[in-house]
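For the sequence shown, the positions run -18 to -1, 1 to 223 when mature numbering (1 follows the signal peptide of the UniProt record, and there is no 0) is used.
Treat each hint with caution, since some may be false.
Below, computed lysine-lysine pairings styled on BS3-like, alpha-carbon distance capped at 25 Å [to be verified]:
hint: 1; residue 1: Lys199; residue 2: Lys131
hint: 2; residue 1: Lys211; residue 2: Lys135
hint: 3; residue 1: Lys211; residue 2: Lys121
hint: 4; residue 1: Lys121; residue 2: Lys131
hint: 5; residue 1: Lys136; residue 2: Lys121
hint: 6; residue 1: Lys136; residue 2: Lys211
hint: 7; residue 1: Lys135; residue 2: Lys199
hint: 8; residue 1: Lys121; residue 2: Lys135
hint: 9; residue 1: Lys199; residue 2: Lys211
hint: 10; residue 1: Lys199; residue 2: Lys136
Derived by calculation from the structure, the hints in this document are not laboratory data. Predicted, not measured: the structure shown is a model, and the values here were computed from it.
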Amino acid sequence: MDVRIALWMLLTCVDINAKRNVSVQFTLQKGTVAYNISPTGLVVSTSSVVSCARRCLDDEDTCNCFVFNTSSNVCTLGQCLPLKVPIQPAPQNFYVKSVTLYCNQSVANFSLRTADSVGACVWVSTTEASYDDAKTSCKDLGANLYTIKVIEKKALMLDLMNGTNVPHWIGLDCLVKGCDFRWVDDNSMLNVTFQIFSDSGPSSCNTTEKCAAFHPKYYPVNDISCSRKERYICEQAPLTI
């Protein structure tokens, strides 16, 4: 898609019903762009490009782009369909709404963290708990202990834990019958092509060290006794608008 970005315009709006603060991003397109503009038919007069953007947000089911005429203050809302090849020049002041990630903060102050194209809403405890209690605490927040099934999630965790000098529980254990480490969110087996455990690897599952934690000494992850009291990382999937 041949999209030339001239500037980013960030708008922050509050959806009172959902009680969320959402930062919504529109991109100003210039030149030839691969979009077919299909106006919804709603043409209104607004005082500014920001007001026009807010009208588009209010009509989010049918509006994902708009054109604002700076001379006449006319705001035209529309649908923009991505095409494989450019078919027309973009009109003056043509804005396209990007997909925006945000976190549900109704229960706890989850923060959005991203690494490349992967995002996660994370909350880090300031108190310590056993592995089982940490898992329960995350569940009470509508979350799970943090998982690292793709390498981007590992990078995200390392950035989140940068400067931390104490272990933090993540959602990986071998508590079920057998000695396979499994993720807490879906009980899938640990099966990654990148390194998670420290160079020494996990201990034999016949030991008491059956639960995994980010560990600043045995970096990046070490298996330790599940009864130890440690801080922990909870995770939710990001929401989109």
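Here is how each hint holds up against the structure:
| no. | hint | result |
| --- | --- | --- |
| 1 | Lys199 x Lys131 | holds, 22 Å |
| 2 | Lys211 x Lys135 | holds, 24 Å |
| 3 | Lys211 x Lys121 | holds, 18 Å |
| 4 | Lys121 x Lys131 | holds, 19 Å |
| 5 | Lys136 x Lys121 | holds, 22 Å |
| 6 | Lys136 x Lys211 | holds, 23 Å |
| 7 | Lys135 x Lys199 | holds, 20 Å |
| 8 | Lys121 x Lys135 | holds, 20 Å |
| 9 | Lys199 x Lys211 | holds, 17 Å |
| 10 | Lys199 x Lys136 | holds, 16 Å |
Every hint, counting from the list given before, is met by this structure.
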